[in-house]
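Protein sequences, first through last, are from chains A and B.
Read in order, the letters of the first sequence are residues 24 to 282 in my numbering.
Read in order, the letters of the second sequence are residues 19 to 384 in my numbering.
Any given hint could be a false lead.
Example chain B residues on the side facing chain A (calculated, C-beta under 8 Å, incomplete) [claimed, not checked]:
1. K104
2. E267
3. A268
4. A271
5. K282
Keeping only pairs whose Cα atoms sit at most 20 Å apart, straight-line, the calculated PhoX-like set for lysine-lysine is [claimed, not checked]:
6. A:K269 x B:K259
7. A:K142 x A:K163
8. A:K31 x A:K51
9. B:K276 x A:K138
10. B:K276 x A:K168
11. B:K276 x B:K259
12. A:K138 x B:K259
13. A:K262 x A:K51
14. B:K259 x A:K134
Not close to chain B: a few residues of chain A, all C-beta gaps over 12 Å, as computed [what the hints assert, rightly or not]:
15. N74
16. E78
17. P81
18. K94
19. R107
20. R108
21. R116
22. K163
23. D164
24. D197
25. K251
26. P252
27. H254
28. K262
29. K271
The hints are simulated quantities; they were obtained by calculation from the structure and are not laboratory data.
Glycine residues also receive a C-beta, built at the ideal position from the N, C-alpha and C atoms.
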Amino acid sequence: MSKAVIAKDLNIYYGSFLAVEGVNIDIKPKTVTALIGPSGCGKSTFLRSINRMHEVIPGARVEGSLTLDGKELYGAGVDPVGVRRQIGMVFQRPNPFPTMSIYENVIAGQKLNNKRAGKKVTDELVERSLRGANLWNEVKDRLDKPGSGLSGGQQQRLCIARAIAVQPDVLLMDEPCSALDPISTLAIEDLINELKTDYTIVIVTHNMQQAARVSDFTGFFNIEGTGKPGHLVEIDETKTIFSQPKQKATEDYVSGRFG
Amino acid sequence: MTIETDPNRTRTDAELAEEALVPMPLVRGELPRWAPWAILVASLVVVGVILGVTSGFSIPLTLVLGAVLFAVATFVISRVVEGGRKATDRLVTIVVTVAFLLALVPLVSVLVTVIQNGVARFDGAFFSNSMRGVVGEGGGGYHAIIGTLIITALAAVISIPVGILTAIYLVEYGARSRLARAITFFVDVMTGIPSIVAGLFAFAFFALFLGPGIRFGFGGAVALSILMIPVVVRSTEEMLKIVPNELREAAFALGTPKWRTILKVVIPTSIAGIASGVTLAIARVIGETAPLLIIAGLTTGVNLNPFSGRMTTLPVFAYNSYAAPGVPREPFIDRAWTSALVLILLVLVLNLLARLVAKLFAPKTR
Chain A
24 MSKAVIAKDL NIYYGSFLAV EGVNIDIKPK TVTALIGPSG CGKSTFLRSI
74 NRMHEVIPGA RVEGSLTLDG KELYGAGVDP VGVRRQIGMV FQRPNPFPTM
124 SIYENVIAGQ KLNNKRAGKK VTDELVERSL RGANLWNEVK DRLDKPGSGL
174 SGGQQQRLCI ARAIAVQPDV LLMDEPCSAL DPISTLAIED LINELKTDYT
224 IVIVTHNMQQ AARVSDFTGF FNIEGTGKPG HLVEIDETKT IFSQPKQKAT
274 EDYVSGRFG
Chain B
19 MTIETDPNRT RTDAELAEEA LVPMPLVRGE LPRWAPWAIL VASLVVVGVI
69 LGVTSGFSIP LTLVLGAVLF AVATFVISRV VEGGRKATDR LVTIVVTVAF
119 LLALVPLVSV LVTVIQNGVA RFDGAFFSNS MRGVVGEGGG GYHAIIGTLI
169 ITALAAVISI PVGILTAIYL VEYGARSRLA RAITFFVDVM TGIPSIVAGL
219 FAFAFFALFL GPGIRFGFGG AVALSILMIP VVVRSTEEML KIVPNELREA
269 AFALGTPKWR TILKVVIPTS IAGIASGVTL AIARVIGETA PLLIIAGLTT
319 GVNLNPFSGR MTTLPVFAYN SYAAPGVPRE PFIDRAWTSA LVLILLVLVL
369 NLLARLVAKL FAPKTR
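For reference, chain B alone in the conformation it holds in the complex (with noise of 0.2 Å):
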């Protein structure tokens, strides 16, 4: 008769105690720092040579193999050096920086794409000219530039009192009554609408009172602040939340009315995160198409009255371009790409006054 002791079982409560006695070593091996990298390299070598006899090199199935191959063999190697801990530390390392370069690969894409498709026509013309009587080259978006200016600009005149006080009513006021509870369910359903329900709820609006096949840009406007006010109000409504409740009492124990200890302690408090919030609603509908192509047209002419006639915006121009160029069409698909650069570099521009704002207005500790 023979025990047969199986290597697998579950070990006893008893033997499990003794092993947590058992002190941790202090020293254990360790790789040296240039480690990874070395491993990195010989990973990509050996997959690129490997792929290079058998199939053809290609550097994209190269750089996914070769971290493939990189995170096993970080993982065994730390494993047999460094003991078990290490090497899953490693691995998850790895694993979350491939997901992060992963992440990096359309953005970096994007911006190479229309950088270099887009620097062609990034000249002088472009800013000064329309494309008013342009058939061929020449021709500008000026008269785009222009019409997202003003369409955003009075959007964010509309919706940024309408966010803020909305967001001031529910933090401050609302509490937890009905009210306050069916604007937040319906401010999370108008976050979710497609924004061309925006811009048909626009034109409808306006076709009602100002006739059929009405268009101009305040309803661009209007249809925008429609999909940015949801926006304006999330983000101030959680910065309010976040302001610390003691601040309110201690400004109510000073005998200071409620408007006033929200206009002068609370706002300012949580002005920072604020900007910032309303700055990136403004990015987020300031490349609009859909709804604006409804409601606010196309024209090749500058606009300058928001209440009267077409407006163009750079996205709808762009789309425009590459949607019904004409003859020849380079120069329609070249003004395009330089109408996502500017908008690009518009909401960049957007974006560092954002933080520019937050930092100007952060309370300050020294």
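Chain A extracted, bound-state conformation (with noise of 0.2 Å):
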């Protein structure tokens, strides 16, 4: 179920604007790839065009190559929504439907897109999918409740499980933990080491400790100065770009020599 993902010469442009330049990028399946980076780089913008979610941004366009096991991802006749149902996401910000409860946010993939299923099959997806958030034992007795009413940490973690209940193939994260303390962080970045077993994870953060701690592979965005197009700096094992990284400005980066 987790598939690889590969990039050949992608440009991401937002209108005529080149944002992100010539990226090459090989993710193997089951694997956590980080991208790291200063901001403005393009590694959000790269990672929202894997699922085609920059294109809800009005002119935003892509050239070049983006494959999800062999088959291209901007190919013509390829339905967005599609690919979305395929490769999930977590947002920076927990978004918890607000007019849903925690079950209903947990099965949400399912109910807005009309997928009925029988009571018992639904509990089970919902309890599975909390359990695989690790938040089934703090919400287990308030299901019926709004879930906007849980803490930061915990909201993230629906939006984790509402992310894995659709049954995605690859499960992109977009900075997930820059909005929380470092206990729930902590407990995001144990999911995501439980997480990939089953799924492929590219997760974007500014958290270098995070991105050692949780990724097999990184990668480093840079950008040149503002106006510029960001690229991909180099990709590599996780232990190789902290300690040994072939190019100057990933060491000044990881480093924290940067500029």
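Two chains, two frames, some hints: make the complex.
Here it is as structure tokens:
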């Protein structure tokens, strides 16, 4: 169920502005890939292009090739909605649906798409997803309460449960811990470690310790200056990136001597 | 040679810096809590007595001059006791409160007058009798109440779907396209058109198809929708805009098509605001007189069919009873007041409904 994502010479545009240039990346199944780099270098843009979420912004488009297990994601006739059903996403700020209960939030993917299943099947799915997100024990007695009543860390885990409830092949995480305290962050990092047995995970983070802790591979994005496109400087096994990177820029960034 | 020291000369930067370094005292004089009330009563008494002695006592003048004296006295006393900052605070508080009370005066006055005059005919007969065959006393506004409800309901049936769908187009699909900007512009213009123009439009429009002199309830509903649609569009648009984009993205990321996202995430999140906006739009048009006078006309009997025959509404009934009373005048004037009272009550009920709806639909947090 987890699949490989391969980008070849991927250019990402907002209108005529080239935001990210020439990304070549090979993300293997059942691995955690962390994307690090300074703000505005295009790592989130690249992440959002993987499940075609960046198209939500008017004028955004890509050139080049991006494949999921060999299938072109930007090919003619590919429905972005179909792509997003296979590639789930967790956002920077927890965003549970305020009109839905915890239970409904978990099955939002099914509910919003009018997939009906029996009560028993749905109950099992909710429990499995919440257990998968390490949230079951905390919320099992108040599943009918609104999701927005949970703490920030719990809300984020609820969003992860919601994302894995649709059983995607790939899970994208856009700075999932940046709004959370250290304890909730630890809970999510543990969760990422467990999830990688089933999913391909790509995580954008500003926290290099986090990248070092959770990821198998790390990609470093950089930008030459304002107005210039961001690009992938190098990608390698995490321990290589943090100990002996090939590029000077990477070494400067991971050792904190950036800029 | 003398050195002149001007007390008002601008202080030098060095002196200002020195002043800033002096720590502010933590303890300062403070007026007791009852002081403002005491000053208020004293000001009113002083002004009242002075007026009584000189030009004769009058309540409005006492209130106005008393408020001025109260503001000045509070400012001076507070400045002496508490210092400049608190004095300014108290002065601004008084100004704001007076402005609020001033705004309340016409509202309360209208309400009290309408209730006083309208309660005389606020009886069973008013709600069960029409004006058919009534020349003097008796009769009622039953036909007008029915007319108001039918025409307003029809207007709502036309305006709410058109208005909400327009707003959805503007916010969710149009974005910043030229068409969307043009629609926004014309909606803004339409909110400002005089209501008589809407009536004339409906009249001219239906006269083209159904012949001159056409008058019927549905025409009135069309005229009212022209006034109502822009209000619905604007309020719905504002409500849709405040739905966080993160929720739309969350739904998209779950593989939800756009239309389902709008239907199941965006609308439910903003339904409370939309509902109260719609109710306020209804309240806005329910009291329209001019357009209905033209296109819905006037009749003394009950007409339940909006597609044929004239139809009276409460505002038109009130206007006509007052403008063209029979002999004797009093029963007509009384009925006009009662119509106004019923209209106010209808709007009141609508507003309460809006609050209830907003409360029921609002996203819950616990």
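Hints that the structure is at odds with (numbers, increasing): 1, 6, 10, 12, 14, 15, 16, 17, 19, 20, 21 and 24
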